[in-house]
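Novice: For chain P, the structure is supplied; the task is to place chain D on it using the hints.
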Amino acid sequence: MEPTIYASLEDVTLSFGENVILKKCNLKIVRGAITCIVGLSGAGKSTILRLLDGLIEPSSGHVYVDGHDLCHTPERKLVELRQKTSLAFQFAALLDSLTIGENVGLPLREHTALSDEKIRHIVDDALESVGLRHIYDSLPNELSGGMLKRAGFARAIVTRPELVLYDEPTTGLDPIVTNLITDTIIRLRQKLDGTAVVISHDLHSIFRMADYVAMLFEGAIIAYGPREEIRTSSNPFVQQFLTGNEVGPIPV
Amino acid sequence: MRILERFGEQTIAFLEYLGGIITLIGESIRSLVHAQIRYAETFVQCYELGIGSLLIVLLTSLFTGMVISLESAQQAVQYGIGSLVGGAVTYTSVRELGPMLTAVVVAGRVGSAIAAEIGSMVVTEQIDALRSMGLSPVRFLVVPRLLALAIMLPLLTIFADIISIVGGMWIAQAYAHINPASFISSARQAVGFDDVVKGLLKSFIFACIIAFVGCYQGLSTRGGAAGVGRATTSAVVISIILIFGTNFIMSYFLFGGH
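If you read the protein sequences in the order shown, they are chains P and D.
Using UniProt numbering, the first residue of the first sequence is number 1, and each one after it goes up by one.
Using UniProt numbering, the first residue of the second sequence is number 1, and each one after it goes up by one.
Looking at chain P on its own, in the form it has when it is part of the complex:
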């Protein structure tokens, strides 16, 4: 059966002044799958997540999420569309002044009329999903990097979004926590029965969780396919990236 597309970038160009980030970039995000985007640091991977979340607009081209074009959409409509999407930030981006429980429950408190008791129950469930039920009353500055990221995941999934975007979830973590985070992403994808896009540099983690892998280079997707296809790709750019070889078409 042909996979259905949940989100896509079509001929997206994004530039800030003379600095061109994306050039006619095309990408398809398959519904119900985990798509990992790899590429050099500063290649524009996180920018793709922000485009998919409607936080920035492309200079030209179109960004579609669940059939809706996010470009030139009024902010009020974007707020509605963002209910379907969640972004788990690289450094969690939890609000310093709120406890973890308040952070995770914030979207529910602001967007629903649920009772405090019901919200507490949902938040506990979300924290349980990431193995952090015991930190409801902790403040963000009391947590380790790995716990912060998982708390960020809990906030991202608390509204049960259809698309979860993870920005470098394993960067800067030790191998054990990296494995834990990778397992959590796989488990959350299954629990939500949704779609996920993950930006990562950790190849081991990528090939464990990805259904599809896309490689971004010089503002465009130069390789895309199921993970095994990418792992065995003969594309010299992909090969150099996967082997970490300093010699090859990618300038160091």
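For the record, the hints were derived by calculation from the structure and aren't laboratory data.
Among the hints, erroneous ones may be present.
Simulated coverage check for chain P against chain D, where a stretch passes if three residues somewhere in it have a Cβ under 8 Å from a Cβ of chain D [as the list claims (entries may be wrong)]:
no.	segment
1	86-100
2	106-113
20 Å max Cα-Cα, derived SDA-like pairs, lysine to any residue [said to hold, decoys possible]:
no.	chain 1	residue 1	chain 2	residue 2
3	P	24	P	10
4	P	84	D	136
5	P	84	D	134
6	P	84	D	128
7	P	77	D	135
8	P	77	D	23
9	P	77	D	245
10	P	77	D	39
11	P	77	D	128
12	P	77	D	30
13	P	77	D	26
14	P	77	D	136
15	P	77	D	36
16	P	77	D	34
17	P	84	D	135
Computed from a predicted structure; not experimentally measured.
Yeah, the Cβ is synthetic: ideal placement off N, Cα and C, and Gly gets one too.
Specialist: Below, chain D alone, put in the same frame as chain P:
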């Protein structure tokens, strides 16, 4: 050619700044009109921004009242018009120095804190996180701070006026032997209720300036920790310049300078 280019760039930057502030004001008014107010957060901000500034405002106003009295009392007594010192101190405090000095002190303490807090939230992606959750940073952050300042700055100004007059009265008595009853009588003759109200109206406008400039500088922070530092400095400098300028314009129209 270079001069023209620089002039053009500065003009564009100024217009962008103006447009940004106007948009922020528009969004804040929209939130207020739709009663999208976070009352608990507003209460917290009233405490943080208002009560937290009380001591420094009182000290500044006390010394200001004392110095006005010191400067005027000796001269007044020499010319036999010591009974007018109370009026001079009260007149100056209520109409000009009370609202303006309080605003300047609060701009230094609170305007910088607002810009630094929101600027830090920008560089740590907390503002993006709010937007990603479909929450408006204006409703979430700007409106509570605006309301808190709009409520607390006029209140602080009332305290500043009182302490300034009390300080002036004490110095007038201690330094020039001016009777407190005479001081108060002169003060009551010199200043009417409408002067107090006009002074408080100034405070309200200054509160809006401090809140909007601080929030805008914070929200437009770019470039990490250095950017937060720049935003903080700019918030204070711009607020103080605008407070002085606005004070002149308001005095001109409110107190019949035209």
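Novice: Decide, hint by hint, whether the structure agrees.
Specialist: Against the structure, the hints:
A count of 9 residues in the segment 86-100 of chain P with a Cβ less than 8 Å from any Cβ of chain D is obtained; the coverage claim is therefore met, three being the minimum. Coverage of the segment 106-113 of chain P by chain D holds. Counting CB-CB distances below 8 Å, 4 residues qualify, and the rule asks for three or more. Distance hint between residue 24/P and residue 10/P is fulfilled; the C-alpha atoms sit about 7 Å from each other, no more than 20 Å. Straight-line distance between C-alpha atoms of residue 84/P and residue 136/D comes to about 17 Å, which keeps the hinted pair within the 20 Å bound.
Between the alpha carbons of residue 84/P and residue 134/D the distance comes to roughly 10 Å, so the proposed pair stays at or under 20 Å and holds. Under the criterion of a C-alpha separation no larger than 20 Å, the hint pairing residue 84/P with residue 128/D is consistent with the structure, at around 16 Å. In summary, the hint linking residue 77/P to residue 135/D is supported, as the alpha carbons are separated by about 13 Å, within the 20 Å threshold. For a cut-off of 20 Å, the pair hint linking residue 77/P to residue 23/D stands: about 18 Å separates their Cα positions.
Among the hinted pairs, residue 77/P with residue 245/D is inconsistent with the structure: their alpha-carbon atoms are about 40 Å apart, more than 20 Å. Between residue 77/P and residue 39/D the CA atoms are separated by roughly 26 Å; this puts the pair beyond 20 Å, and the hint is violated. For the hint pairing residue 77/P with residue 128/D, the CA-to-CA distance comes to about 17 Å; that is within 20 Å, so the pair holds. Distance restraint check for residue 77/P and residue 30/D: the Cα-Cα separation of roughly 16 Å lies within the 20 Å cut-off, and the hinted pair is therefore satisfied.
For the proposed pair residue 77/P and residue 26/D, the alpha carbon gap of about 19 Å is at most 20 Å, so the pair holds. The hinted pair formed by residue 77/P and residue 136/D meets the criterion: a straight-line CA distance of about 13 Å does not exceed 20 Å. This hinted pair checks out: residue 77/P and residue 36/D have alpha carbons roughly 18 Å apart, not beyond 20 Å. Of the pairs offered as hints, the one joining residue 77/P and residue 34/D holds, with about 17 Å between alpha carbons and a cut-off of 20 Å not exceeded.
Of the supplied pair hints, the one linking residue 84/P and residue 135/D holds, its CA atoms being roughly 14 Å apart against a limit of 20 Å.
Hint compliance for this structure: hints 9, 10 are broken, all remaining hints hold.
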